[in-house]
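Trainee: One-letter residues, chain by chain:
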Amino acid sequence: MARRLAAISESTASASLSRARDSSLLIELAGDWRLSGTVPSADAARREIASDPKPPKVILDGRMIGSWDSALLIFIESISEASRMRQVPVDLALLPAGVARLISLAEAVPERKGARAETRGVPLLERIGMGALSAWGSAQGFVTLIGALAIAFGKLIRGVARYRRVDLLQLIQECGANALGIVTLISFLVGVILAFMGAVQLQQFGASIYVADLVGIGIVREMGAMMTGIIMAGRTGAAFAAQLGTMKVTEEIDALTTMGISPVEFLVMPRFIALVLMMPLLCLYSDLMGIAGGAAVGATMLGIPLKLYYQETIAAVTLTQLFGGLFKATTYGALIALAGCVSGMQCGGSASAVGDATTRAVVSGIVLIVAACGLFAVIFNVLGI
Amino acid sequence: MSLESDFEPAGSLRKGAAPAERPPHITVRDLTMAFGDFVVMRDLNFVVRRGDIFAIMGGSGCGKSTLLKHLLGLIEPAKGEIFYDGFNFTKADPDAREQMLRRFGVLYQKGALWSSMTLAENVGLPLGEFTDLAPAQIRELACLKLAMVGLRGFEDYYPSDISGGMQKRAALARAMALDPEILFFDEPSAGLDPISSSLLDELILELRQSLGATIVIVTHELPSIFTVADNSIFLDTETRTAIAGGDPRELLAHSKHPTVRRFLTRGRETGETLHNG
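Chains A and B are the protein sequences, given in the same order.
In terms of our numbering, the first sequence is residues 1 to 385.
In terms of our numbering, the second sequence is residues 386 to 662.
Chain A extracted, bound-state conformation (with noise of 0.2 Å):
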């Protein structure tokens, strides 16, 4: 006499539980198990298989199913798991001839030990720590880097350097003559801030005229170095990382290295000569820029002659100033450029990976820029300039 437990009647799907006479538990599945559809739970199955006495068996009738897909799968796996649990057989013989294949498919490799990744919260502490070691093993590798540079460099001098000329030529051009489109606007708009914002200031005490001196100094001293330093390190740090990377990821580095070609003399060298040299070019393109912005407001809304701009300008303006700026933006070129060879050589070997140490080299790219800056004023504090 068959006991009827339960029935889960849900839209067409539907699982009916109920007991044979040695106790067996019975599963008769009938309708269309669909994902699209609704399928019913196999919680109540679970219950009973996990109820005393245990079954000693469950047997799983699928005659009356119409259409199947991955939902009654994952209905019978659960049934499956619970029962391999407490040791009841599972009788898979009245299902439909695939659901069983791929059931046993499924159960045919066991789990390796291990292979499960750990789940568990990482504590506070060992994030920090952990941190603390990735940062680390960065400043690690940008003082390797630096060193094989200056081997590089070396090498150079002694005029046994392999690197192409070709290279480094278009990366000049990229560089360089390809950024004076940003260069340009961000300069002149930063020079137009500066001078607006001196203006309201000045008038007040009717001294609009040093508009001129606030923009010319600013600008020179450290907007124009700054600016461009922050627009290379998104622009080229960026590429530097980019390109790197994904040559690491198609191991185009490896390649070279395995050639007996150091990737740094060949990939990285080019790119810190060609930044470090375009830098104070476009550093000393960006204060004029700046300086424009400035006159343009000054003309224009302040109704300072150009030509007494001009003259304020330059009379305000030294040339220690100047050569302190471009100094300054020398030195932001070579920090953007190893930051974004570092993080380019340092990239895994994923796409994502590449993402990262795009992303690494802009931040520390930015960051060292505003380090070097604060340190700047300090030294030139010191020294009087």
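Hints were generated in silico from the structure; no laboratory data involved.
Some clues are possibly wrong.
Derived contacts from chain B toward chain A, CB cut-off under 8 Å, selection only [as the list claims (entries may be wrong)]: (1) Leu459; (2) Ile460; (3) Pro462; (4) Lys464; (5) Phe472; (6) Glu483; (7) Phe489; (8) Val491; (9) Ser500; (10) Pro511; (11) Tyr543; (12) Glu591; (13) Arg593.
Using N, Cα and C, we set each Cβ at its ideal position, and we do this for glycine too.
Guided by the hints, dock chain B onto chain A, whose structure is given.
Mentor: Leaving out everything else, chain B in the frame of chain A:
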């Protein structure tokens, strides 16, 4: 020597000195490979003899390519040493290593052609760096090497302009540029159709015969293994060691190890199929 020419059947290449009589070219002693605390393979010991085609076999992810990178000095071993012609490569200083590397040719899994250079420039770069040839001669030689792998007329294409199989062949031309003593192949037939892949096998045999090069191949392609390899090592993921070595055909005939048998018979012998019949 072109892809289209007639090749002698593989068997005829096996005449001559028996493997054991040829001098060792690569000797690996107690090599343990690890990433941090994670040990990939431990205590590998094997010898590749001069003129051998040596296959590094094993399932996916067992560390075949990692072993290759160790042989090339791209990764430092956790333990053990690698000798080339009795010269300790692991302990060598960077300059000596660079000298040795110039005698190697490597075909990478993804080709690894330099994407910013044309095919002729790719093949010509090592020639330009390590020989005193004039640019015109380099170009000529690069074109010849490309023609040898069936890429005549593609000299001025960029790697991204040609198909994966052609990239592989171009990379092979670059690997052969300096007439290397040892050629390393990382999964040469990965991503190639069966015909291209068998042509590549023939090319490998031809290279050994014409250049007299020692060839090390990382692969899990059975047809390739049985066609070209005359010695091998079998890496096992479970035990993290080498569980077999020798002529793959001998292994197929005589090996008793279940994993090796399963691998070499594609699981047929142990009845390991998807649906258990």
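Trainee: With chain A as the partner, please determine if valine 491 of chain B meets the hint condition of a C-beta pair closer than 8 Å.
Mentor: holds, 5 Å
Trainee: Let's test the interface hint: is any C-beta of chain A closer than 8 Å to that of proline 511 of chain B?
Mentor: holds, 5 Å
Trainee: Using 8 Å as the Cβ threshold, decide whether glutamate 483 of chain B counts as touching chain A.
Mentor: holds, 4 Å
Trainee: Using 8 Å as the Cβ threshold, decide whether glutamate 591 of chain B counts as touching chain A.
Mentor: violated, 23 Å
Trainee: Can the hint on lysine 464 of chain B be confirmed by a CB-to-CB distance to chain A that is less than 8 Å?
Mentor: Because about 22 Å separates lysine 464 of chain B from the closest Cβ in chain A, which is outside the 8 Å limit, the hint is violated.
Trainee: Does the CB of arginine 593 of chain B sit less than 8 Å away from some CB of chain A?
Mentor: Interface hint status for arginine 593 of chain B: violated (20 Å vs cutoff 8 Å).
Trainee: Closer than 8 Å between Cβ atoms is the bar; does serine 500 of chain B clear it against chain A? Give me holds or violated.
Mentor: holds, 7 Å
Trainee: For the hint on leucine 459 of chain B, does the least C-beta distance to chain A fall short of 8 Å?
Mentor: Constraint on leucine 459 of chain B satisfied, holds at 6 Å.
Trainee: Have a go at the phenylalanine 489 of chain B hint: is there a Cβ in chain A nearer than 8 Å to its own Cβ?
Mentor: holds, 6 Å
Trainee: Would the hint on phenylalanine 472 of chain B be counted as holding, given a Cβ-Cβ threshold of 8 Å to chain A?
Mentor: violated, 16 Å
Trainee: Under the criterion of a CB-CB separation shorter than 8 Å, is tyrosine 543 of chain B in contact with chain A as hinted?
Mentor: violated, 13 Å
Trainee: With a cut-off of 8 Å, does the beta carbon of proline 462 of chain B approach a beta carbon of chain A closely enough for the hint to hold?
Mentor: This interface hint is violated because 16 Å lies over the 8 Å limit.
Consistency note: the structure conflicts with the earlier hints numbered 2, 3, 4, 5, 11, 12, 13.
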